[in-house]
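Visitor: With the hints as extra help, turn the sequences into a complete structure.
Protein chains in written order, with my numbering: chain A, 1 to 464; chain B, 1 to 464.
Keep in mind the hints are simulated off the structure, nothing from the lab. Ideal Cβ placement from N, Cα and C applies to all residues, glycine included.
Computed Cβ-Cβ distance ranges for the label pairs, DEER-style:
#1 A453(A) - W16(B): 21 to 29 Å
#2 E14(B) - D78(A): 18 to 26 Å
#3 R86(A) - H464(B): 55 to 63 Å
Calculated cross-link-like contacts (lysine to aspartate or glutamate; reagent style EDC-like; alpha-carbon spacing at most 20 Å):
#4 K351(A) - E87(B)
#5 K351(A) - D246(B)
#6 K351(B) - E87(A)
#7 K286(B) - D315(B)
#8 K351(B) - D78(A)
Number of protein chains: 2
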Amino acid sequence: MRQAFRFDRLWTGERWFAPGYLTCGADGLVEAVSGAVPAAGTPLRSLGGTAIPGMPNLHGHAFQRAFAGRAERRGAADEDSFWSWREQMYRFARALEPDQFEAIGAMAAVEMLESGFTSLAEFHYLHHAADGQRYADPLEMGGRALAVGDAVGIRTTLLPVLYLRGGFGAPLRDEQARFGCRDVAEYMGLVERAGDLVRGTMHRVGIAPHSLRAVDPEGLEEAVGAWCGRGPVHVHIAEQQLEVDDCVRHLGARPVQWLLDHADAGPAWCLVHATHVDARELALMKERDVVVGLCPTTEANLGDGIFPDPAYGLDDAVGGAVGIGTDSHVSIDVAEELRLWEYGQRLRDRKRARVALPGEPVGRDLYRAALRGGARACGAPDWGLRVGAPADFVLLDTTHGRLADHGEDTLLDALVFSRAGAPPVDQVWVAGRRVVWGGQHVDRDAVRRRYLATMRRLDAAAAH
Amino acid sequence: MRQAFRFDRLWTGERWFAPGYLTCGADGLVEAVSGAVPAAGTPLRSLGGTAIPGMPNLHGHAFQRAFAGRAERRGAADEDSFWSWREQMYRFARALEPDQFEAIGAMAAVEMLESGFTSLAEFHYLHHAADGQRYADPLEMGGRALAVGDAVGIRTTLLPVLYLRGGFGAPLRDEQARFGCRDVAEYMGLVERAGDLVRGTMHRVGIAPHSLRAVDPEGLEEAVGAWCGRGPVHVHIAEQQLEVDDCVRHLGARPVQWLLDHADAGPAWCLVHATHVDARELALMKERDVVVGLCPTTEANLGDGIFPDPAYGLDDAVGGAVGIGTDSHVSIDVAEELRLWEYGQRLRDRKRARVALPGEPVGRDLYRAALRGGARACGAPDWGLRVGAPADFVLLDTTHGRLADHGEDTLLDALVFSRAGAPPVDQVWVAGRRVVWGGQHVDRDAVRRRYLATMRRLDAAAAH
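Guide: Next comes the structure, spelled out in structure tokens:
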């Protein structure tokens, strides 16, 4: 059902309207946005307040939400790294049954919505049972991710992951049996099945060759060819220096260089992390206009490093886009991701105001860049609250002590940088449905009860 | 009045009791802590839940709270830095009247308590009227900081700041007229006046030579001599590389090196920031057992850099301690400071689990280290919930989705690293008084109303 909204102030990602009117079509996309009252005939709801676009979360592994805070003990030797963390995560991933996977995903999605994320690209690799046994429905687990999206009301771009080997030239390990596909044909079966499940604009599908270590060159070429540009393509790349070194040894080039030399990667591609890239790779990435998927809190937690280019994705006239993801979900907080993206740049450069165009507010430029890159990585038809984009918005709590004394010129800066207490989110609407009200997801209690029951069962099982 | 508390679980900073009992003396200090019911005769209140020690905030300039989010616009040239931020901050500082200073300080203190900070060392330099005119009471402004502490219930260590010059060999600038003292004699008048205002254990006083740039060697020696070791001594040091370079040029040594060579600095000294220190300086700092005051969110926001030694202050058998401060208050969040301290180390080293002893949980070691260093920097008689320490505790909201599935072994890790939504704080008690209940300060609404009225007046004045 088409409906229209009135706000005291509305920021579309590009400009302010005060008051502002937004018309959400029956398909959940923006039909109109302006400072003028919509034509009669569309029910108009006055929400008052200050609305901004919901933020896309372009990279996440929902099940890892339950692992947050459980891998922060220092080892006996000084060897804690991404790789030792991964071993712990693999053990945790082995235990999960589909119902548990769904309960954890719902908890993560509720936290995302309460923070102001309104869509999620789920980089999904837990395809099979723990021993690699196929479920009756090959998309048993992936289907749960879409079910979570429907239940809690977050737009979900399902990215079934292609995982063919354990590393460069290495077979799958037992712990990776859940992730693997025998071949690209089996993988494309998952992808086509995902396509069958898509309903309206709340679901989208893309493909995700896991990484250059987990997918060989032939598998990559075959999958990309079979996909035939029908939607986004995501790949983990250059997160860790060891991965870069291995890639150089096995493929004769740095990962991003190799990828852009061998795959027809363009604007629909999302290079997740891309932490370790050199100037030549950055130039190529801009030329090919790829999205970089930054996951600042996870990249800090895992000791990955700092993305080298503060200007990437900022200027629409230059190729390249950038968005944010909460990845491991150790933190789920829109502002913290944006803040830490900027703070990493400041700490490295020992300057301030890095991710912004000259003369512009940094918080606003960070938010805007992440809207644009995130929407593209999720396969959305447009970004922000432009006509044709998802009609998803956040009504800010402007009585919050950290926002209440800010006008339009500094509101986004305050939202991103100034923080005490809860995020200043009052309501969140996705595709015409109010999913957060008074800062709380409308089904928060039920989702949390189910999550906690799941964790008790997992802990009890681990104790045996 | 002596009172005792019972908790389902109590972490003292050193060990767990379940159940745990804490006896708070009439002086607001811990009389007893154990797993055994206190002797009859002391009223016993059962709070249930999980209690941990309140965190000291060892460095802050309360008035800067109102400036948060107002200095995040990029300049036209690529020159944004600590120094350009300071110019904007000076302009903002000029406008503040005592009532406004107090209203802003109360807002900041309420946010601190709601986050779990229970004491604050206020590094106070807004001594005089904007033109340098002395107030009738020379401690007019500093007295407001103590009044805030009393009103909202945060322990306050007032550190009147000695500010003698505008920089190495430079006179005070007009914008610094509020900060300056004519000489050390005038300064010690402020310090003695502060001492007269101290009431019970809620107040303490220390001295604070601002920095080596703002205090000449003779002034430093004279002030430290007059103070005669009666409490903590705080100094801003080596926050920015330019300051290090200037110091080498004017004093012939790096700032920390010069300070430790020329002042009898020991365990009562807090070196705030100490970002730019070399291996020799670090060794000296440990030898002299000084506290390092890290302010991770401010140091990231201002592009200062990353403290070089993850092991500093971790091992009680080695000299040196470390604590956290929210400094500019751009963020006020205990967990975010601890997390960003650790994340800076991880991003630099490209490893995980930096600030912890081998085999120990990182969140717990971070929290414990900051309790110990913070208490010492605030001049408290002991740290954590040890007998004789401030009886200040935080009752965690263990129904919070980010804590509810964690036992004692990972609870502090989850508190520090795992985050969505509001901080998981239910109640905060300081010296036997409940100041936060249900996550909200008991006077939050009144404090916020006064703060917002103040900001409206300041904005209106700035517009004219």
